[in-house]
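Number of protein chains: 4
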Amino acid sequence: MHHTYQPTHYHTTMGPHEPVLRVKSGDSVSTTTVDARGFDQRRVSVSPRGNPQTGPFFVEEAEPGDTLRVVLDEIVPNRDYGFCTSSLAPNVVDPDYVAELPTPVLAEWSVDVAANTATLTAPETRLGAFTLPLAPMTGCFGVAPKDGQFLNCAGSAEHGGNMDYRGFVAGTVVEFPVFQPGACFFIGDGHALQGDGEICGAGVEISMDVRFTLEVLKRRSIGWPRGENANWIFTCGNARPMDQALQHATTEMLRRLQQDYDLDAAEANLLLTQGVRYDVGNVFDPQYTIVCKLNKELLPPRK
Amino acid sequence: MHHTYQPTHYHTTMGPHEPVLRVKSGDSVSTTTVDARGFDQRRVSVSPRGNPQTGPFFVEEAEPGDTLRVVLDEIVPNRDYGFCTSSLAPNVVDPDYVAELPTPVLAEWSVDVAANTATLTAPETRLGAFTLPLAPMTGCFGVAPKDGQFLNCAGSAEHGGNMDYRGFVAGTVVEFPVFQPGACFFIGDGHALQGDGEICGAGVEISMDVRFTLEVLKRRSIGWPRGENANWIFTCGNARPMDQALQHATTEMLRRLQQDYDLDAAEANLLLTQGVRYDVGNVFDPQYTIVCKLNKELLPPRK
Amino acid sequence: MHHTYQPTHYHTTMGPHEPVLRVKSGDSVSTTTVDARGFDQRRVSVSPRGNPQTGPFFVEEAEPGDTLRVVLDEIVPNRDYGFCTSSLAPNVVDPDYVAELPTPVLAEWSVDVAANTATLTAPETRLGAFTLPLAPMTGCFGVAPKDGQFLNCAGSAEHGGNMDYRGFVAGTVVEFPVFQPGACFFIGDGHALQGDGEICGAGVEISMDVRFTLEVLKRRSIGWPRGENANWIFTCGNARPMDQALQHATTEMLRRLQQDYDLDAAEANLLLTQGVRYDVGNVFDPQYTIVCKLNKELLPPRK
Amino acid sequence: MHHTYQPTHYHTTMGPHEPVLRVKSGDSVSTTTVDARGFDQRRVSVSPRGNPQTGPFFVEEAEPGDTLRVVLDEIVPNRDYGFCTSSLAPNVVDPDYVAELPTPVLAEWSVDVAANTATLTAPETRLGAFTLPLAPMTGCFGVAPKDGQFLNCAGSAEHGGNMDYRGFVAGTVVEFPVFQPGACFFIGDGHALQGDGEICGAGVEISMDVRFTLEVLKRRSIGWPRGENANWIFTCGNARPMDQALQHATTEMLRRLQQDYDLDAAEANLLLTQGVRYDVGNVFDPQYTIVCKLNKELLPPRK
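Chains as they are written, first to last, in the working numbering: chain R, 1 to 303; chain F, 1 to 303; chain A, 1 to 303; chain V, 1 to 303.
Hints are computed from structural coordinates only; laboratory data are not their basis.
For each label pair, taking beta carbons as the anchor points, the in silico distance ranges come out as: (1) V:Asn116 / R:Gly223: 53 to 61 angstroms; (2) A:Pro48 / F:Asp112: 53 to 61 angstroms; (3) R:Gly65 / A:Ala122: 32 to 40 angstroms; (4) F:Asp112 / R:Gly223: 35 to 43 angstroms; (5) F:Thr119 / V:Pro64: 35 to 43 angstroms; (6) A:Pro102 / R:Lys296: 37 to 45 angstroms; (7) V:Arg43 / A:Thr119: 53 to 61 angstroms; (8) R:Gly171 / F:Val76: 35 to 43 angstroms; (9) A:Gly128 / V:Glu74: 33 to 41 angstroms; (10) A:Thr103 / R:Gln259: 22 to 30 angstroms.
Looking from chain A toward chain R, a few residues come up when the C-beta cut is under 10 angstroms (computed): (11) Thr12; (12) Thr13; (13) Gly15; (14) Asn91; (15) Pro145; (16) Asp147; (17) Phe150; (18) Asn152; (19) Cys153; (20) Ala154; (21) Ala239; (22) Pro241; (23) Asp243; (24) Gln244; (25) Pro286.
Glycine is no exception: its CB is placed at the ideal position from the N, C-alpha and C atoms.
Please construct the entire structure, taking both the sequences and the accompanying hints into account.
Spelled out as structure tokens, the structure:
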């Protein structure tokens, strides 16, 4: 079944808030998200800032210990104005270089969905009409966290959250561990495009039209967000330092290979030794994100 | 001028050792490297283990404060036997998962340069004749380190060293800061291919035929290794944790953009905010490597 | 005014839960806390595990942006049974040593408040009746976190939480930033004594009788928990890695010196260069705690 | 036998340099050290800067795999002028606070050995004649590193080096693993006193008269520097981040307890759980130092 939900309010924490919609496993939802500062497609402020989320969507069948499978069917900017900041964050450069960072100003982008481009319109620089291809993604999404926590949308953990990974584009399938009845799915923080790491603290921030499908995998327990696209399977680890995020992601991939594919521990390890790839997600916010990937060509059939 | 050098000995530290060959800026050299454990193309042990290096090559014009430009002209495995270990290293998985890592055994690979493949031959697993495409690279290379140090070939720093980055393949141009007269260039630790991070502590380790060209860029001072290939420019940061390696690489890219291209600090920052990409090099050894990349299509003309 | 509160329930998250008692600035409270697993003075399970907290105590005058000053008047174990685990946690030893850690068992301690000692009673070892002096403290306490979050009692942040610092003994004064109306003070996780770092994941865990005084400092804004005892002032930073925790604590001390004492930035820096001391709090849980200290003999008069 | 050695040159790397003196196990040496910038007791520059070391002292009996035991018999400033910098280093404060650090200037101290005090003489501040008690120590000392490396005196590793730990005062016994024939002992970088962490990058830097005794413990293999004073035994870990330094130090303490005392792994773990203390050494330089301590009252008799 397909639902259309028009948000009336947003949440800047992820947790077992009152559901905005109850759906069944297999249902899909069309809705909208506001930008990281709470402005909608009309550029009207409709929420406090802080990656406000649309949701939560309550999936009837979901119980703690299950897995929520999310298909990101569609992620499309719904206005032509995007923005970011113009300078890198102090935490991504050497401490003794921080004083040389230019004072950040608002950087504005003209987003053209038809042309599939974003073009820098301000400030004026010798970069001219700097233009990049769109790659619309969700920077922050996931489910209610473990332990009954309500976590702000700056952070990330086992439940997802503000991972700012460029791989979360339309067509991607993402799995989250379910910690609360109904899972409580949230989505927001659209980026028309983003560099790795979100190193200025922002992608090209924008409001979005999104469509997604929610499916409950009963009695399937996972530890960290897992994803799949046309060519890759991947796992996400969220922590500081990056070393620990990488440990989480790598461990989850070892577990996934043994859980989903016909591989024992020795085989899963051997496959990863020379097959592994890593991507860098958020390195700006309290928790950093590392993604561990494996090309599907290297995988044996699924169990 | 082209030189051919047949190694008679190797070094497991990088520093101002007695040169094995003196060349002029612009000269190229053909030579061979042994594998990480000191075995040559005949699989005969000719050096103690520890990423033994061929070199140092002394470049007449090079003085501290200059930059050494290295073109990796050719990197070709010169035998058909490669090896790695079969299990991940304890430092790349969650501490509470370490006890679940299988006991590592020697994993052996048949390397076929003509077919461009490496095929796992032992141990026997249900992965079968697991085959991967070759991507021959140097895991450890660089120049004599700063401060008159002799550093072992497990580590990495401003001078290069054991960075284990998959991008160091034939066709790549790499720049190193010069810390000693003659620069003292070393190369070794061939990998027929490698997963990101060298997370078992090894690529498919192999001996190599290599050819490279050395050029001195006078009065050009850089901080960290820089590279360039057909599509990308990149900078390397080597440190622990990964967070600090990323800070080094990002800072060096900001400096490079202002040094080599017609960009001021504000423009360099803005370009990176949405244009940056990161790759993960070594995450096994004492220092980790993060590579900061920018697509050449985004760059203004060189100064 | 003095209140006596007998808990009827506990919270394993810290956040703006329904207050259990409303008090006025300057009031003191006598109450009890259960142990980290939710057992009370009778060794009866009265709460789920996870450092269950007594509270929240709502302080009428407290508004976001104020500071809550807490005097830990009394912290006394109220039973004679304490426990911890017997082996170190995998994250505090070298990754390649983890496999050598003995399987942890429950370690039990007989706590004698009159004699001021805790004596190991199980398991049997050649350490014999291993006896340590009591130093009763609260491992986890603080206020509702920022951003309307509810955080579990494993973690720590600006609001306090599970800092496991040996300095939080009776007689200590602690200040917390107020993020929610009423501040919402919590206390729990008593330790009869504790080694630095809580490196097995536990102190000598025990239930407690506690008495504390709550005072609101209006329009005083601080960033991280601050403390004071007979000889020292201190600030706490909570984060991973320890390096970042140390940055938070050191920065907060620089701010404190300029806010509370007649010192400018140059003087505050100079005082710290040779006067600073650091203590190590929790190094087991998701966030680590570093304490930055300054001896009161070195301080100029308070503003 | 007692030797007196008057230095004629110094080394800013630690490694198997030509010995300045050959001694026998059990011999003691009186000599002098220059300050971190290479100035001697007359304030004359006699060496390039970078913690120049006096030595190496070659101990005849020492072979790789042995342990060198060093008694720090005497450490006394031999001039009245000490110095440090006036502001904290950018890497010990929050990245977004770096821009608020005052520009560092030279801070000068008058050192009075008879009165046992150091008094700040410049710059002028409202701290007045800020006076601290002396606690003379060596910031950088140790032996030639592993793998035939020559490491600069900014860093630290298994061989010791620039640990900047306040505990290295006269009366302390320190053990180092021997990596080179003769061990090659070095000492330098005197501090009249020092705050924890050397967070401005300097203690009160000064030249020193030192006396030490060198003893070889044959066929005793240790991993990291170990120490002992009147009340404590301790172990040092040197790495970044601090988390890894703490892992090294803690693991070495577990090994020491089983090697030197009549304790098995379970007992060593249990002893540490509630008995451990940590101190913070250098947190300024490339490697950080964490010290793991145990009070001697808690120890069973030595093996």
